[in-house]
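Take these sequences, add in the hints, and give me the full structure.
One line per chain: the protein sequences are D and C, in this order.
For the first sequence, the residue numbers in numbering that gives the first Met the number 0 are 0 to 280.
For the second sequence, the residue numbers in numbering that gives the first Met the number 0 are 0 to 369.
Worth flagging that the hints you see were computed from the coordinates, not collected in a lab.
Some hints could be false.
Label-pair distances were calculated between CB atoms; the ranges are [claimed, not checked]: (1) VAL73/C / PHE105/D: 39 to 47 Å; (2) ARG119/C / VAL24/D: 17 to 25 Å; (3) TRP95/D / SER26/C: 50 to 58 Å; (4) LEU263/D / SER138/C: 35 to 43 Å; (5) LEU75/D / ARG72/C: 47 to 55 Å; (6) SER93/D / SER26/C: 30 to 38 Å; (7) LEU194/D / ASN166/C: 22 to 30 Å; (8) ALA60/C / TRP95/D: 27 to 35 Å; (9) SER138/C / ASN147/D: 52 to 60 Å; (10) SER93/D / ASN166/C: 54 to 62 Å; (11) SER138/C / LEU194/D: 24 to 32 Å.
Just so you know, even glycine gets a beta-carbon here, dropped at the ideal spot from N, CA and C.
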Amino acid sequence: MTGARGWGLLLPVILLLLVAFLLPVGMMVPTSFRPYVPLVGITSGFTIGYYTKLVTDSYYLEIIGRTLALGLTVTLCTLVIGYPLAFFLARTRSRWRNWLSILVVFPLLLNLVVRTFGWIALLAQNGLVNQALQALGVVQEPVKLLFNFAGLLIGLTHIFLPFMVLVLIGPIQNIPRDVEDAARVLGASWGSAFLRVTLPLSAPGILSGSILVFVLTISALVTPRLLGGPTYQVMSTLIYDEFLQRLNWPAGSAEALLLTVMVLVLVFLSGVLARGTGARA
Amino acid sequence: MSGAAPALSVRRLRKSFGAVVAVDEVSLDAAPGEFLSLLGPSGCGKSTVLRMVAGLVEPDAGEVVLAGEDITRVAVHRRNLGLVFQSYALFPHMTVLENVAFGLRRRGVGEAELRPRVERVLELVRLGPLGARHPRELSGGQQQRVALARALVTEPRVLLLDEPLSNLDALLRDEMRVELKRLQERLGTTMVFVTHDQAEALILSDRMVVMQGGRVEQIGRPEEVYRRPATPFVARFLGRANFLTGTLAGVEAGGTVVALDGGLSVVAGPRPGLTPGQRVQVAIRQENIRLGPGGAGSDRANRFAATVVFHAFAGPAHHYVVQLADGRELEVAAPGAALALARGARTVIEWGPEDVVLLAGSESAAGGSG
Chain D
0 MTGARGWGLL LPVILLLLVA FLLPVGMMVP TSFRPYVPLV GITSGFTIGY YTKLVTDSYY
60 LEIIGRTLAL GLTVTLCTLV IGYPLAFFLA RTRSRWRNWL SILVVFPLLL NLVVRTFGWI
120 ALLAQNGLVN QALQALGVVQ EPVKLLFNFA GLLIGLTHIF LPFMVLVLIG PIQNIPRDVE
180 DAARVLGASW GSAFLRVTLP LSAPGILSGS ILVFVLTISA LVTPRLLGGP TYQVMSTLIY
240 DEFLQRLNWP AGSAEALLLT VMVLVLVFLS GVLARGTGAR A
Chain C
0 MSGAAPALSV RRLRKSFGAV VAVDEVSLDA APGEFLSLLG PSGCGKSTVL RMVAGLVEPD
60 AGEVVLAGED ITRVAVHRRN LGLVFQSYAL FPHMTVLENV AFGLRRRGVG EAELRPRVER
120 VLELVRLGPL GARHPRELSG GQQQRVALAR ALVTEPRVLL LDEPLSNLDA LLRDEMRVEL
180 KRLQERLGTT MVFVTHDQAE ALILSDRMVV MQGGRVEQIG RPEEVYRRPA TPFVARFLGR
240 ANFLTGTLAG VEAGGTVVAL DGGLSVVAGP RPGLTPGQRV QVAIRQENIR LGPGGAGSDR
300 ANRFAATVVF HAFAGPAHHY VVQLADGREL EVAAPGAALA LARGARTVIE WGPEDVVLLA
360 GSESAAGGSG
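Below, the structure written as structure tokens:
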């Protein structure tokens with residue numbers, strides 16, 4: 000039967016998912032309800048304290064809010080910068096096309112830490128960006144671009160831009176040129192045809208690209224840690240510290256589970272959205 | 000042609016893509032209310048002409064004139080033309096209603112006026128109840144009708160159709176042909192129709208333009224073009240014909256005598272402009288050759304003994320290949336109702352002088368794809 004064969008093909012992935020995702024996440028669930036006593040460790044007992052703290056303590060709420068805001072802003076920035084780029088790459092007949100595509104992917108070939116240190120050099124108080132801004136007279140005093148939202152935004156946008164572009168190219172390429180031409184012959188100017196036809200028809204790409212970048216952003220660790228420093232926390236750096244600095248596994252588990260739930264809810268909502276708008280190419 | 004100014008006039012249009020000249024000095028006129036088709040094999044430039052008229056392709060030289068107004072440099076969306084694509088090019092994210100309303104909305108037509116106009120045109124193409132559907136929920140024929148309705152609703156000055164029936168299956172295509180023609184007669188819209196299908200062009204057109212290699216080969220009414228092709232290419236492209244080469248022997252009372260290279264000679268109708276001794280080509284359509292022992296009283300000028308070397312039955316016709324005394328083979332299409340002749344049967348073939356198409360020159364390799 001085709002059904003059985005279909006499941007057979009999925010088996011390796013299902014096993015991998017089970018061992019590498021469901022099992023560890025599942026094991027975190029009981030851990031997150033155990034009380035942690037400093038200098039003693041995880042004790043037996045039951046508490047929902049870590050969860051209530053997460054949703055009531057302003058320190059945690061700020062970090063959660065910051066993480067979500069960062070995810071949204073980075074997604075928006077990569078979309079705004081990436082869409083024109085993907086549009087160009089999808090449409091150009093230039094013989095440089097392949098080289099330009101490689102250029103888009105090129106940053107991914109460099110080590111993440113190296114790339115991030117590059118940004119530290121650029122964004123520092125007396126870094127290249129500040130020097131340029133001051134030389135041009137845009138600002139008098141150096142702007143703070145490190146260890147704050149702006150720094151993370153710049154660094155993460157740069158790192159995740161290739162993902163957005165790569166995801167967008169396919170769906171844009173799939174839009175038949177005839178359909179755009181039809182809109183123009185029917186009286187739509189280039190801009191109007193773009194807004195009413197091209198953009199809605201690239202919705203599937205925009206949606207999947209946005210989910211990808213959002214999820215990558217809110218779970219990114221290395222870049223926020225290096226560009227945010229030890230004090231400017233996001234959820235992933237918080238979880239990291241909880242597990243490896245403070246050894247408070249229960250708190251870390253609760254935070255990690257919350258992050259996982261946030262991602263799952265988002266993926267689910269976008270699925271609903273995709274069906275709702277009928278966005279399918 | 001009528002004295003009225005042409006609805007559409009194309010003057011010495013030229014377009015090349017890189018080193019390839021796609022359209023070379025093409026000029027043509029479409030009278031108001033006329034159904035004009037551009038016919039030719041793929042790559043002959045017919046679609047490029049249409050796209051230049053629509054404004055989607057910019058010509059290198061030449062003019063597009065719409066009812067006396069030069070629109071060569073007018074932006075696509077300001078031309079007020081209709082264009083129906085081979086791929087239909089419907090907006091997949093909109094309902095049928097929204098698809099059809101698109102052009103009216105871009106023209107700022109108010110919702111109150113829009114609704115009845117959209118419904119009227121959907122009624123016209125017999126899609127009345129399907130307005131709320133999405134294109135993907137419709138059959139190919141229905142999608143084609145939406146495309147037609149979408150183009151017609153804005154009452155375009157000229158409706159351009161780029162192989163609109165090519166994606167339909169044979170039965171539906173025949174149906175849509177009739178529907179299209181009747182629609183055109185009813186609305187009186189000037190239509191320019193691009194096709195590679197000679198039968199389609201013959202059936203639909205008031206006049207047809209046969210193109211090859213970016214140039215116009217012949218313009219005329221379908222009967223004219225079919226009966227009196229101007230070039231060997233047109234003769235080859237429209238219907239299946241036997242091509243024979245020879246020399247013009249002389250002009251007699253009965254017509255023109257051509258001495259074929261094999262030794263036989265055929266009589267053709269009078270054809271001015273050719274001189275004796277000139278190399279000529281003779282084309283005789285399959286269906287114009289009469290097969291079988293005609294009565295003794297047959298006075299057909301061209302009458303040859305022949306042997307059947309191949310026979311196949313194709314429904315409305317029998318297809319034969321017969322061999323003449325000089326060894327040359329001819330293809331013959333006989334009415335399907337006639338009795339079949341077996342392979343090897345000896346028979347007589349004949350045709351009248353009026354059935355012979357006489358063409359100057361002897362190029363026998365003129366590229367004719369079927």
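Original post:
In this structure, is the beta-carbon distance linking ALA60/C and TRP95/D contained in 27 to 35 Å?
Top reply: holds, 30 Å
**OP:** Please test the hint of 30 to 38 Å on the beta carbon pair from SER93/D and SER26/C.
**Re:** holds, 35 Å
Subject >> Range hint 22 to 30 Å (beta carbons of LEU194/D and ASN166/C) holds or violated >> reply: holds, 29 Å
**OP:** Go ahead and decide if the range 47 to 55 Å is satisfied by the Cβ distance of LEU75/D to ARG72/C.
**Re:** violated, 39 Å
Original post:
So does ARG119/C sit 17 to 25 Å from VAL24/D, Cβ to Cβ?
Top reply: violated, 60 Å
**OP:** For VAL73/C and PHE105/D, compare the CB-CB distance with the range 39 to 47 Å and indicate the outcome.
**Re:** For PHE105/D against VAL73/C, whose Cβ atoms are near 43 Å apart, the range 39 to 47 Å holds.
**OP:** With respect to the beta-carbon atoms only, verify the hint that SER93/D and ASN166/C lie 54 to 62 Å apart.
**Re:** Hint violated: Cβ distance 31 Å, outside 54 to 62 Å.
Subject >> Range hint 24 to 32 Å (beta carbons of SER138/C and LEU194/D) holds or violated >> reply: Given about 30 Å between the Cβ atoms, the range holds.
Subject >> Status of the given 50 to 58 Å range, CB of SER26/C versus CB of TRP95/D >> reply: Given a distance of about 39 Å, which is not inside 50 to 58 Å, the answer is violated.
**OP:** Take the C-beta atom of LEU263/D and the C-beta atom of SER138/C, compute their distance, and say whether it sits inside 35 to 43 Å.
**Re:** Cβ of LEU263/D to Cβ of SER138/C: about 40 Å, so the range 35 to 43 Å holds.
Original post:
Holds or violated: 52 to 60 Å for the Cβ distance of SER138/C and ASN147/D?
Top reply: holds, 59 Å
Of the hints listed earlier, those the structure fails to meet are numbers 2, 3, 5 and 10, in rising order.
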